[in-house]
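Chemist: The residues making up each chain are set out below.
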Amino acid sequence: MAHAETHDPNTPLEYRSETGRLNILGFWIFLGAEIALFATLFATYMVLTHRIADGPALGALFEVKSLLIQTFLLLTSSFTCGLAIHEMRRHNVKGLMTWMIVTLGLGLGFLYFEIQEFLHFIHEGANIGTSAAWSGFFVLVGTHGAHVTFGIFWVIMILIQVARRGLTPATSAKVFISSLYWHFLDVVWIFIFTAVYLMGMVMQHG
Amino acid sequence: MANKSAATEHGGFPWKHLIGFVLSIVLTLFALWIALGTDLSVTWILIIIFGFAFLQAALQLLMFMHVTENSRKGGFSGRIQIGNVLFGAFVAIVIVIGSVWVMSAGHAKHDKHDAPKTENQDGSHESEEHGSH
Chain A
1 MAHAETHDPN TPLEYRSETG RLNILGFWIF LGAEIALFAT LFATYMVLTH RIADGPALGA
61 LFEVKSLLIQ TFLLLTSSFT CGLAIHEMRR HNVKGLMTWM IVTLGLGLGF LYFEIQEFLH
121 FIHEGANIGT SAAWSGFFVL VGTHGAHVTF GIFWVIMILI QVARRGLTPA TSAKVFISSL
181 YWHFLDVVWI FIFTAVYLMG MVMQHG
Chain B
1 MANKSAATEH GGFPWKHLIG FVLSIVLTLF ALWIALGTDL SVTWILIIIF GFAFLQAALQ
61 LLMFMHVTEN SRKGGFSGRI QIGNVLFGAF VAIVIVIGSV WVMSAGHAKH DKHDAPKTEN
121 QDGSHESEEH GSH
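Residue numbers (the numbering used here), protein chains in the order written: chain A, 1 to 206; chain B, 1 to 133.
The shape of chain B in the complex, shown without the other chains (with noise of 0.2 Å):
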């Protein structure tokens, strides 16, 4: 597939566009039915429109930026050209769970130092976090 050289798809109808902007719209619509129609958990929304995000945004460099395609017969632009995408998402999915990881899991050790008095209040709760390190 990475190998398939650009001269291969020329003239003719653009079928791989309209099939890739059909399959955007389907996907767009059915996130938003997913996320407001639905009554599935919050998880479950959370898991199933990033995970037709991520499919929508592959249509495109397949179907309308030709990221596998190679700018030279026997070539391996194609193949730089995934690379570099995949670790671009590699790093942006980093960042942004890793942000939000960290900004979100210190606060439950932060909340406790900044509130002292609570947790020795709180002694059972004190001895079942203790309990679990």
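The shape of chain A in the complex, shown without the other chains (with noise of 0.2 Å):
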């Protein structure tokens, strides 16, 4: 592996193979695909969250307890994969699977009470068919619900490979690019927490 290798022994693993640094490069273009994406779902869902027919209101049933729950278990996860790339740039590989496994524990709590709180809501009366509010809820919030799903299985195979193979210019690359995607959906999140629940709960008092 370390063959010709003529980097700084400091650069770290995940950047010193031509296919590690353009992937990662890649993949940030990507992530501003994802900025698209996202961008057309919040914006349906905010041209539309006025129009709830003879559904309930989406202010009424927001709950601050289950909202901040989901916010720290996801905030407390993009801090969690953050130390585990820092372990990785120290080769600690211990350390990477220990707070990937955290990061991974603290995203299937998020989507754990994240589906609470639909169920909660189709039983309160709505769901993506009750209102075209509604519908572009389930369909916004939804779709980050999914990317985060994505994300566990993604993680947990790269995870596996890792325990395999080691730490290498390829398994770092991807190890790193995994954790960009799941910092970004903490990102998608803050939004959702601003954008759709703070929003929600301001016009519904204010």
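Simulated from the structure, these hints should not be mistaken for laboratory data. Just so you know, even glycine gets a beta-carbon here, dropped at the ideal spot from N, CA and C. Hints may contain errors.
Distance condition first, Cα-Cα at most 30 Å in a straight line; then the derived BS3-like pairs of lysine-lysine [said to hold, decoys possible]: (1) A:Lys65 - B:Lys16; (2) B:Lys73 - B:Lys16; (3) B:Lys73 - A:Lys65; (4) B:Lys73 - A:Lys94.
Cβ-Cβ distance ranges computed for the label pairs, FRET-style [to be verified]: (5) A:His120 - B:Ile47: 28 to 34 Å; (6) A:Gly125 - B:Lys73: 56 to 62 Å; (7) B:Thr38 - A:Gln161: 36 to 42 Å; (8) A:Ala36 - B:Leu62: 18 to 24 Å; (9) A:Gly125 - B:Gly83: 45 to 51 Å; (10) A:Gly125 - B:Gly12: 25 to 31 Å.
Each of the two chains sits in its own frame; use the hints to bring them together as a complex.
Modeler: Written out as structure tokens, the structure is:
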């Protein structure tokens, strides 16, 4: 593996191969497209947010407690994912694995509370077909939740690969890319927190 | 700043991550308080909480995702990454604000076409509208 490596020994593993560097840059470009994807869903939601037909208003069903639990689970998972990359750059495979598994656990916790919340909304008479506003809500927040679900499976596969092959320029680039994806999901959540939940509750009370 | 190489951030305590995490928590709770715990007008609440959201997104990008980081010493991938994210943010803002504006600003005119009777009855209102054009 270390043959013909003329790099600075401090260069992180994920940046040592041309493929690794290009894949990481390519993933940043992909994230730009993801921003545009979520922007269309945010636009749809914000245009339709008052079109509640005969269903309940969005802000009337939002609960601060459930919102904060989800927000802190995802925010903390983004932090522990960052710690995992920090450990990876110290060539500490055990540290990387530990923090990534914590990250996955927090991600699963987030999904649990999100699904609980969706079930609660449906129980209160707001499902995806209730009104244009609730369609916009479930499609936007559901797309984010689907991304988190996909991310959990993806990271598990990459961790299996790291366990089998160890940290190489190839596997570390994959871990780094999946970490960018995971942080990005928290960035999207910040805007869901603000534009959907906080705005919904402000419009309801104010 | 953008030229900082990844190689300089090795080992040691992950201060950057910790600071990013603590600031994110503070911004989240502060936004919640502004939205639900104050008597500010809706406009000001929206300006402040969206300001906090963009600030927290920038924190994630800088502190957790190393967006400014170059993959090679003296390279420019950091600049491409920043340019790409900023362009993505621009596209997002245009799509969201543009859609909301088109869909709400247009309604005033459509409503008038839909209800010509009320417009005719309210003569003073009509002349006022025409005067402003």
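Chemist: Using the Cβ atoms, figure out if Ala36 of chain A sits within 18 to 24 Å of Leu62 of chain B.
Modeler: Check passed, 21 Å falls within 18 to 24 Å.
Chemist: Has the hinted range 45 to 51 Å been met by the Cβ atoms of Gly125 of chain A and Gly83 of chain B?
Modeler: Holds - the Cβ-Cβ distance for Gly125 of chain A and Gly83 of chain B, about 46 Å, lies within 45 to 51 Å.
Chemist: Verify the CB-CB distance for His120 of chain A and Ile47 of chain B against the hinted window 28 to 34 Å.
Modeler: holds (31 Å)
Chemist: Would you mind confirming whether the straight-line C-alpha gap from Lys73 of chain B to Lys65 of chain A stays at or under 30 Å?
Modeler: Outside the cut-off at roughly 46 Å; violated.
Chemist: Measure nothing beyond the straight line between the CA atoms of Lys73 of chain B and Lys16 of chain B; if it is 30 Å or shorter, mark the hint as holding.
Modeler: The given pair, whose Cα atoms are some 21 Å apart, holds under the 30 Å limit.
Chemist: Indicate whether the distance between the beta carbons of Gly125 of chain A and Gly12 of chain B respects the range 25 to 31 Å.
Modeler: violated (53 Å)
Chemist: Next pair to validate is Lys65 of chain A with Lys16 of chain B; report whether the Cα-Cα distance is within 30 Å.
Modeler: Given pair Lys65 of chain A, Lys16 of chain B holds - Cα atoms ~29 Å apart, limit 30 Å.
Chemist: Taking 56 to 62 Å as the stated bounds, is the beta-carbon spacing between Gly125 of chain A and Lys73 of chain B within them?
Modeler: Since Gly125 of chain A and Lys73 of chain B have Cβ atoms about 59 Å apart, the given range 56 to 62 Å holds.
Chemist: With the threshold set at 30 Å, check whether the alpha-carbon distance from Lys73 of chain B to Lys94 of chain A stays at or below it.
Modeler: holds (28 Å)
Chemist: For Thr38 of chain B and Gln161 of chain A, compare the CB-CB distance with the range 36 to 42 Å and indicate the outcome.
Modeler: The hinted range 36 to 42 Å is violated for Thr38 of chain B and Gln161 of chain A, with Cβ atoms some 49 Å apart.
Taken one by one, the earlier hints fail for this structure at numbers 3, 7, 10, listed in ascending order.
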